[in-house]
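Throw the hints in and build the complete structure from the sequences for me.
Protein chains in written order, with the numbering used here: chain A, 1 to 476; chain B, 1 to 417; chain C, 1 to 119.
In short, the hints are calculated from the structure, not lab data. Even glycine gets a Cβ: it sits at the ideal position worked out from N, Cα and C. Accuracy of the hints is not assured; some may be wrong.
Unchecked claim - Estimated spans, in silico, between C-beta atoms of each pair:
id, chain 1, residue 1, chain 2, residue 2, range
1, C, Ala93, B, Lys103, 20 to 30 Å
2, B, Arg158, C, His48, 29 to 39 Å
3, C, His48, B, Lys103, 50 to 60 Å
4, A, Arg367, B, Lys103, 52 to 62 Å
5, C, Lys13, A, Asn301, 25 to 35 Å
6, A, Ile454, C, Ala60, 14 to 24 Å
7, C, His48, B, Ile379, 40 to 50 Å
8, B, Arg267, A, Gly57, 48 to 58 Å
9, A, Val191, B, Lys103, 45 to 55 Å
10, C, Asp23, A, Asp458, 53 to 63 Å
11, A, Lys472, B, Lys103, 51 to 61 Å
12, C, Ala60, B, Asp208, 46 to 56 Å
13, C, Asp83, A, Glu446, 28 to 38 Å
For reference, the chains in residue letters:
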Amino acid sequence: MVDILIIGAGVIGGVCARELSLLDCSVEILEKMPDVAMGATRANSAIVHAGFDAHEGSLKAKLNVRGSELMENLTRELGVKYQKNGSLVVGFSDEDQKTLEDLKIRGERNGVKGLSVLNREAALALEPNLGDGVSCALHAPSGAIVCPYELCMAAVGNAMDNGAALTLNFDVAKIERTQNGFRVTSKDGRVRESKILINAAGVYSDEIAKLAGDDSFSVHPRRGEYLLLDKECGTLIRHTVFRCPSKMGKGILVSPTVDGNLLLGPTAEDVTDKDDTKTTANGLDLVRRQAAEQVKGIAFNKIITSFTGLRSVGSTGDFVINEKDGFINLAAIESPGLSSSPAIAETVVDMLRQKGMALTPKKDAVRERRPLHAFCDMTAEEKSEVIKNDPTYAHVICRCETVTEGEILAAVRQNPKPHDIDGIKRRTRATMGRCQGGFCTPYLVEILAKELGIDYGDVTKFGGASKLNVGKTKNV
Amino acid sequence: MIEVLKKKLVVIGGGPAGMAAAVAAYEKGERDILILERDTALGGILRQCIHNGFGLHRFGEELTGPEYAYRYEKQVKDLGIPYMLDTMVIEVSPDRTVTAMNKEHGIFRIQAGAIVLAMGCRERPKGALNIAGTRPAGIYTAGTAQKFVNMKGYMPGREVVILGSGDIGLIMARRMTLEGAKVKAVLELLPYSGGLARNIEQCLHDFDIPLKLSHTVIEIHGKERLEGVTVAAVDENRRPIPETAEYIPCDTLLLSCGLIPENELTRGAGIPLDRVTGGAVVDEDRECEIPGIFAAGNVLHVHDLVDYVSEEAKIAGEAAVKFLRGETEKSVSIALKADGKVRYTVPQIIKSVKDTKVYFRVADVYRDKKLVIRDGEKILLSKKKPKFAPGEMETVTLTAEMLKNLSNCQLNFAIED
Amino acid sequence: MKKRDLTCIVCPKGCSLCVTLSDEGRVVNVEGFTCPRGKEYAEKECTHPERCVTSTVRTADGFVVPCKTARTVPKESVFRVMDAINHTVAPAAVHVGDVLIQDVAGTGVSVVATANKEI
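Okay, structure coming up:
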C-alpha cells in the first residue's frame, strides 16, 4: 500500500512523481512499457511554448504560462538542458499578419510577456535565414526548448532517488475501489494498492479513466511526423520558427534542439490506432515542403532520422484535469503538455492538500540531480581529473557524439535504469549521431549484456521481441 | 594539468592507411612517430573484412582482410614504431596540436611536427535514406552486421534483404548465406551496381541471389522485430513506381548505401573539404591546405581497394618526412577541375612538377568514351576506355613533362565521346 | 560449339570473358582476359569451378576467429566445407596460418586461421 500510485511514466507522470517525492508521502509509478518516456514524451516538438496559442481562460492557457515560468528552475535543478531561444511565428500574407495580431492579443490576455509583431525586415534582423515568402512574424522571447525525454528521465530518476518506486512492464488491466482507496491489477496479475490514484496515461488516459469508472471524455491520437537533421545544421536558426496557423492547419515548426540538431515537423493527422508510430512518404514530404518555406538553406541531405509521435487529443478541447474521490485525471494532455508539466504537478499537490493530505516537505529530499551530460560539458582539464578517478571515461564508445564508456556505465547504473539499447540511446545520446549506431551498437550490446548479466544475444533494441541478434553463428 | 608531449609525426588511425603511412615515414628515416588507434588492436576495418580479395596489387597474392592488416601490423611491430591503442583523438588544431585520451594517460596533448589523418570512413545510415514505416530491430548497416557475424559470432537475422549493392552489401550477402541465412534479394536504387563486378559474380550469382536494379525499399514493417519490407521499382528520376510494389517477408534489412569519409577532426581543424569526396582538399603529396597536415585512405576519399589505400598512405607518409625536414618544394599551383562526368580528382591541386598519378571517379556508366584532360583549349591527354563505371576508381598519370609547360593554372578533366 | 560469358573473379578488374566450348564441354577458346590468370580462371570455371571459402571458427573459449581454405576448393563442396567449419572448435589461442582443419570435407585442402587470437 502506497499513498499515491501514478499510472504512466511520461513527462506528466514523471514530473508529478518528482514533485510528490519531495513531500512526505509514498509514491509508485506504474508504466506499461519497458522504459520511461516511451509515449508522446519520446517524440514531440521539444518546445516550451510561450503560451499565446491556447484560448483565454482554458486550462491549457493557464498551465502553459505558469509551466513555462517554472520550467527554467525545474530544468536547472534536474540538470536538464534548457535554452530560452525565443520563438517566431512566421506569416506569409496580410491575412496571416491579422492572425498574428490576434495571437498577440490572446497571448497578452494569457499573461505572456514581451510579444511583438514584426515586419519582414525586423524578423530578418532576428533570424536571417527566414524563407523568402515570409512577410511578418510574431516574436515571443519567452519561448524555449528542452529535451522532453531527458526531462522525464531526470524527473523519474530524481523521484526514485527520493524514494519513489518505478514498476515497468505493468500494463493496467483492472482498477477497483477498496475501503482505503484503489487496487490496480496488471495484465500479468500483479497487484498494487494506494490511497490516491493518478491517471497520467497519455494517449491511453481515457481507457484508464474508464477502468476507474469515468467515461466522461475520450482521447484519440494525432500523428505527427518529424525529421531530425545533423548537428551541422543546428546553427541555421536560433529561434523556434512556427508557421502562422491558417485554414490549412497549424503547420509545422523548424527548431534547433538543445543538443544542436535541427528538428522539422510535425504533421497533424487524426487517427485511431494508439500504437501507429510509423512514418509515411507523404507526411515526410509535407514536412520538407513546409520547412523550406519557413526557413531557407535547410540541408535536406543531412537528415539523420525520421520519427512519428502521437499527441493525446481530448474530446473536450482542453486538458482533462480533475479529482473525484481520490482518482485524479491528468488526461488528454496534448500540446502544450510538456510546457505545462511543472504547473500540472503543482496543481496535483494543491488538489491533494485540499483533500486534507499534509504533504509537508520531506526532510532529506534532494532536489538536484547530477546530469549525465555533465562530463561532455567539462573542460579538458576537468575531464582529465574525472578520468584519473575513473579511466572508463577515457574510452569513447560512440564516436559521433563522443560518448564514453564511463558515461554509459553511469547511465546504466543511475535511476531510472535502462534495459535496452534505445534506453541507453535516450540517456546518453550514444547511437544518435550521424552514423546512427553503425559503429557503437555492437559495443553497447556488450556493455549492456555485462551490466544486466544476460547473454549478448538476448540484448534488445526496446524490450519485448526486439532482439538485435537471433542466435549464435555455428549453432548447428 | 594536461600533459603535453612532442612528436615529429603523429598518425591518427591505425588501419591500413595509418600503418602504411607510418611504415613509409619510418623507411624514409623518421623515427619519432606515434600512431593513435581508437580500437583495441591495429588493423582498422580490415579486422572484420574476413573475406579474401585483398593485396593482389600490393603483395602479389590474394589475402583476407585480417591477413592484409597483419602484414602491416607485423611491420609496425618489427620496426618498433610506437602506437597507442584504445586512444581516441578528440581534437586537431591548426597549429598541429593533437588532443587525445585513453585510460592510461587521461587527456593529453601532442605537439606534432606533422600529422597524417587516417581515420577512415563510415557507412551511410538508414535515417539518411528516409524510408517510411516502423522502426523495429533488425535493420543494420552491412558493416554492423559484418561486425556481429565475423567478430562477435552472432547472427543478426535469418531472412535477409539488402538495400544497396555496394561491396560490403555484396560481401555480406555471401557471408550471411554461408552462415545459413536466406538472402532474398539485393536492391539497388541506381540502374547499375556500385560494387565490383567480381563481387556480383561470386557473392550473388554463385548463390542465385537476385540483384534488382532500379529498386528500393519504400516501407518497413514490423513492430518489435522487422517482419518485412515493401520494395518497388523506381523510374528514371529514382521515384518509386507504386504499381510495382511488392512485399518481401524478412527479419533483417541490411543497408549498403555508400561510405562517408569520417572528417570531424579535419573539419574541427578548419581544413577545407571537397564537397564531392567528403575528404580534405589535398595536393599531390596528400597535404591539406594547412601545411604539415596530410590525409590518406578512406578519410580522404572512399577507395574500392585497400591496395590503393596503402599506396596513397605511402605518398602521405613520405611527404610528411620531407615536410619535417624542410625539403618540401612547392613551386606551382595547378587546380584540377572535374567536369561533373568526372566526379572528382585526388589530388585536387598540384603544387610541384613531377610525375603525378591522379585518381578519379566518374558519375555514371560511360561506354566507349574517353577521358580528356585539357590545358585551356589544348588537349594534354586523351585516354579511351571501353567502360568507365562509378564503382571503379580510375587513375591517370600526369608526367613532369606535361606539367612543365602549361599555359594555364588549371587542368580540366572531362569524359567525352 | 557453344559460348559462355563470364565475369572474371581473379582480381578487382572483373574482366568480361567469353569462353567457347566444344560440344563435349571442352574449352576451345577464351576471349576478353587481360592476364594469364584470367585465362586459367575461365578454363577452370567451365570445367571444374573452384572457390576460396572464408568464414569463422568458434574457439574453445567461446569466441570466433576468422579462417579460410588455404587454397580454392571445388565450388560444389562449399557448403560441405562450411558444415565442417561449423563443427570445428579451435584452440583459444590461434596464430595466423595455424591449420584448424586438415583435408576439409575430403577436398585435400586445409582450413587455416587468418588472424591472431590470444587467450
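Verification of the hints:
At about 24 Å, the CB distance of C/Ala93 to B/Lys103 agrees with the hint of 20 to 30 Å. Here the CB-CB span from B/Arg158 to C/His48 is close to 32 Å, well matched to the stated 29 to 39 Å. Taking the beta carbon of each, C/His48 and B/Lys103 are about 54 Å apart, inside 50 to 60 Å as hinted. Hint check: A/Arg367 to B/Lys103, Cβ distance near 34 Å, so the stated range 52 to 62 Å is violated.
Take C/Lys13 and A/Asn301: their Cβ atoms lie about 32 Å apart, and the range 25 to 35 Å holds. Taking 14 to 24 Å as the suggested C-beta distance range, the pair A/Ile454 and C/Ala60 conforms, at roughly 23 Å. Between C/His48 and B/Ile379 the beta carbon distance is about 49 Å. The supplied range of 40 to 50 Å therefore holds. Distance hint check: the CB atoms of B/Arg267 and A/Gly57 are about 52 Å apart, consistent with the given range 48 to 58 Å.
The beta-carbon spacing between A/Val191 and B/Lys103, approximately 47 Å, falls within the hinted interval of 45 to 55 Å. Against the hinted window of 53 to 63 Å, the Cβ-Cβ separation of C/Asp23 and A/Asp458 comes to about 59 Å, which satisfies the hint. Between A/Lys472 and B/Lys103, the C-beta spacing of about 30 Å breaks the proposed range 51 to 61 Å. Between C/Ala60 and B/Asp208 the CB atoms are about 36 Å apart, so this pair departs from the stated range of 46 to 56 Å.
As the Cβ distance of C/Asp83 to A/Glu446 is approximately 29 Å, the hint placing it in 28 to 38 Å holds.
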